[in-house]
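Let the hints inform the model, and build the full structure from the sequences given.
Here the protein sequences come in this chain order: Y, P and D.
In terms of numbering that gives the first Met the number 0, the first sequence opens at residue 0 and continues consecutively.
In terms of numbering that gives the first Met the number 0, the second sequence opens at residue 0 and continues consecutively.
In terms of numbering that gives the first Met the number 0, the third sequence opens at residue 0 and continues consecutively.
These aren't lab readings, by the way, just hints derived from the structure by calculation.
Glycine included, every Cβ here is placed at the ideal spot set by N, Cα and C.
Careful, some of the hints might be misleading.
Distance windows between CB atoms, simulated [claimed, not checked]:
#: 1; chain 1: D; residue 1: S38; chain 2: P; residue 2: E18; range: 28 to 38 Å
#: 2; chain 1: P; residue 1: S88; chain 2: Y; residue 2: R235; range: 49 to 59 Å
#: 3; chain 1: Y; residue 1: D279; chain 2: P; residue 2: D64; range: 19 to 29 Å
#: 4; chain 1: P; residue 1: A25; chain 2: D; residue 2: R55; range: 53 to 63 Å
#: 5; chain 1: Y; residue 1: R235; chain 2: P; residue 2: A147; range: 21 to 31 Å
#: 6; chain 1: D; residue 1: A58; chain 2: P; residue 2: S88; range: 16 to 26 Å
#: 7; chain 1: D; residue 1: R55; chain 2: P; residue 2: A147; range: 44 to 54 Å
#: 8; chain 1: D; residue 1: E80; chain 2: P; residue 2: A147; range: 55 to 65 Å
#: 9; chain 1: Y; residue 1: T3; chain 2: P; residue 2: T232; range: 46 to 56 Å
#: 10; chain 1: D; residue 1: R51; chain 2: P; residue 2: A217; range: 50 to 60 Å
This is what each chain is made of:
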Amino acid sequence: MTATPAIVVTGIGVRSPLGSDVDAFWQRALDGTVATGPLTRFDTARLSSDRGGEFQHAPLEPPHGGAPVPLAVRLADEAAATAVHDAGLSPDCVAPERVGVCIGTVMATRPAVEGWLASDPAAREDPRDAAWADPSQLSRVPARRLGLGGPNCVVATGCAAGNSALAWGADALRAGRADAMVVGGADEISQAMLMMFDSFGLLSPDAVRPFDRDRVGLLLGEGSAAFVLEREADARARGAHVHGRILGYANVADAFHITSPHPEARGAIRAMQRALAEADVEASGVDHVSAHGTGTPANDEVEARAIREVLGSAADDVPVTALKSLVGHAQGAASAFEAAACLLAIRDGLVPPVGNYETRDPECDIDVVAGEARATPVSVAISNAFGFGGNIECVVFGAP
Amino acid sequence: MSRSPPSAIAGCGAVTAAELEHPAVAELLQGERLRTVSLESRLLLAAARLALRDAHSRTHGVEVDADELGVVVATRHAGLQEYVDLYRSGTEGERPRVRPGKGPQTGLTAPAAEVSIRLPAAGPNATVCNGAVGGLDALRYAADRLAAGDASAMLVCEVDLAPAVMRLSAATDGEDAQEQRATVVVLERTDAARGHGGTPRALLGAIATAFSPSGDAAEAEARAVGEVLASSTDLDADGGSTWDGNGGGGTLAQLADAAASLARGEVHGPQLLRAHDAGAAGAAVVHREPEEAR
Amino acid sequence: MTREEVVALLRELLGEILELDPQELDFEQDLIDDLDTDSLQRLELMTEVEHRLDVRLDARAWREARTLTELTELTLRELAESPSR
Chain Y
0 MTATPAIVVT GIGVRSPLGS DVDAFWQRAL DGTVATGPLT RFDTARLSSD
50 RGGEFQHAPL EPPHGGAPVP LAVRLADEAA ATAVHDAGLS PDCVAPERVG
100 VCIGTVMATR PAVEGWLASD PAAREDPRDA AWADPSQLSR VPARRLGLGG
150 PNCVVATGCA AGNSALAWGA DALRAGRADA MVVGGADEIS QAMLMMFDSF
200 GLLSPDAVRP FDRDRVGLLL GEGSAAFVLE READARARGA HVHGRILGYA
250 NVADAFHITS PHPEARGAIR AMQRALAEAD VEASGVDHVS AHGTGTPAND
300 EVEARAIREV LGSAADDVPV TALKSLVGHA QGAASAFEAA ACLLAIRDGL
350 VPPVGNYETR DPECDIDVVA GEARATPVSV AISNAFGFGG NIECVVFGAP
Chain P
0 MSRSPPSAIA GCGAVTAAEL EHPAVAELLQ GERLRTVSLE SRLLLAAARL
50 ALRDAHSRTH GVEVDADELG VVVATRHAGL QEYVDLYRSG TEGERPRVRP
100 GKGPQTGLTA PAAEVSIRLP AAGPNATVCN GAVGGLDALR YAADRLAAGD
150 ASAMLVCEVD LAPAVMRLSA ATDGEDAQEQ RATVVVLERT DAARGHGGTP
200 RALLGAIATA FSPSGDAAEA EARAVGEVLA SSTDLDADGG STWDGNGGGG
250 TLAQLADAAA SLARGEVHGP QLLRAHDAGA AGAAVVHREP EEAR
Chain D
0 MTREEVVALL RELLGEILEL DPQELDFEQD LIDDLDTDSL QRLELMTEVE
50 HRLDVRLDAR AWREARTLTE LTELTLRELA ESPSR
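This is the structure in structure tokens:
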């Protein structure tokens, strides 16, 4: 049987509330900078919270005129372009029809329907032509701009979508369907999602406190992160800089409830175990866990249970971070941001702190990085992403 | 050269919105609490049960463990109307409010989640959006998961209804008259299907998708078809035919029809399915099991 | 609002949510173990009551209640403490 080709990351691009330059994003994460704050684009008068992780830096408008392009599309487009530039990918080294794009998302272009609904009915564009009617724009617009003709799709696997896109890209490379894949996640905050989470009583009034005893809920965030994936042999052959590896990944369904996680973390445990098994990594070999860590009472307790179950006694000393404490829950972009942070943690041997963490919850018996960044060698990191409705995707990252 | 691993189309099921009230279909949803569940999810759940029954009838009673059963859904509009309704309910009227039960249905991933929870199916779970080609992406994802041993069977689903919000246009054309239907295909590894003595409807061969950055869908389709044909040189090409994935019902529906026609002996040889939209294109081959393998 | 009216409202709303004949609901049955409600359904019941009665309920107390009788008491207590309607 042919060995499965090793997959490496050769490019990273980020558009986030923590910044749009990878180094700035990372430094602020290490500093524990909390980028959530008062929302400026939404009506929060009837909501229990006026906070979120808005993308503060205006993304570039598309060069052509025409109908407004949804924010999520612009962010995906920019992050993808940055990743491709970072990877030094060009038609000279990889044929454009052999480079695909896969973007993960929760809502894709759907939030743009809000502006459409609020507009004068007489002036509305035909819905069949509207961006909000075509979620594929999230991956097609970057592909058009970059001239990429390989496999192209959007994976809409809820809050696990960023990780799903990484896995999708790795699959394509392993099967030889492409020679490089631009993958990532993107989403924007919407009035509908603010209202939905508020209806669940899950919005935090002020900040996100993953694993903290006094956590009460999440805040929504937005942005995009993108990566270039290649087979390692190809990347090394063209002299590309390798940020890190994708050692393994696993996707399972909790198959329990449309909003609540399985109380015994059944799906989370299976996904983490399968991802580690595929990566050929024992529990004792895990150096860092990037938690899904939404800051909701249910998710964090269940996730901590899963981490403890999978890592066993090793969990005492495996630093856990939760980036959503700093940027909010950026939905499809969340696990993409977290993937970037894992790769950088591996590079620098530093794990960002969990923001707003003050009081240990005895039900969350894990090693939460609190206060300041932890210096510790990281060769293997596992990133958890648990989607609404029970879609779970875990990705294991390794050193270059 | 890319090649999809061998997998078998073990069963198929399809349900239209009009059929949801028929006793035979209603029976498939009996006992389910569906008050807040979208039409897409209900159609998909019914179609999934039909497809599993079809596969079950061909597998001499072999059941698939829930942990080994995965779901992948291709869709463009799942949850769109629910999103619009939620937004309106929360912003319009004298006392705007959002009902919590309606929220989860606003997402593209809701149908895949509902099917996984209610069957149950705790294997891999994904939702993919790729215009008219998504059904082929879903098939390929399912084939990848089977080849990797992540599942014993995958439910490959396609559902694309015409949400009310998109029917504001006064124009009438074929697109607006799209049949409201969900299609599910049960995919199994070929060796597993043979192992339990089953008779798959057909075998799934190569699948390819491509994208045209310049919008030349014909060019993208030519590439996808070329890739599929190059991967299918070992198939006996006699009597093969072509299916238009842009035909009624969606790409997966056309593929299911091709598989059914093969199973009934109405067509012979490799059946090539091709589909495209404004930018993406795809192709796939289904064929009968070689005589010596049966 | 009288106790009987609150009982009738809870019966109607939960019957609708659970897709059951409202008259079949036993107010002493456990909401989780006997009536098989999930957290989302109990939350929906609470928001419906809040909307219908224009009252704000104690979400934590609502989550911890195990029978319709307890929910009735919670609702009546809140109505008594709210400005008269």
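Comparing the hints with the structure gives:
no. : hint                           : result
1   : D/S38 with P/E18: 28 to 38 Å   : holds, 33 Å
2   : P/S88 with Y/R235: 49 to 59 Å  : holds, 55 Å
3   : Y/D279 with P/D64: 19 to 29 Å  : holds, 25 Å
4   : P/A25 with D/R55: 53 to 63 Å   : violated, 40 Å
5   : Y/R235 with P/A147: 21 to 31 Å : holds, 25 Å
6   : D/A58 with P/S88: 16 to 26 Å   : holds, 20 Å
7   : D/R55 with P/A147: 44 to 54 Å  : holds, 51 Å
8   : D/E80 with P/A147: 55 to 65 Å  : holds, 59 Å
9   : Y/T3 with P/T232: 46 to 56 Å   : violated, 25 Å
10  : D/R51 with P/A217: 50 to 60 Å  : holds, 58 Å
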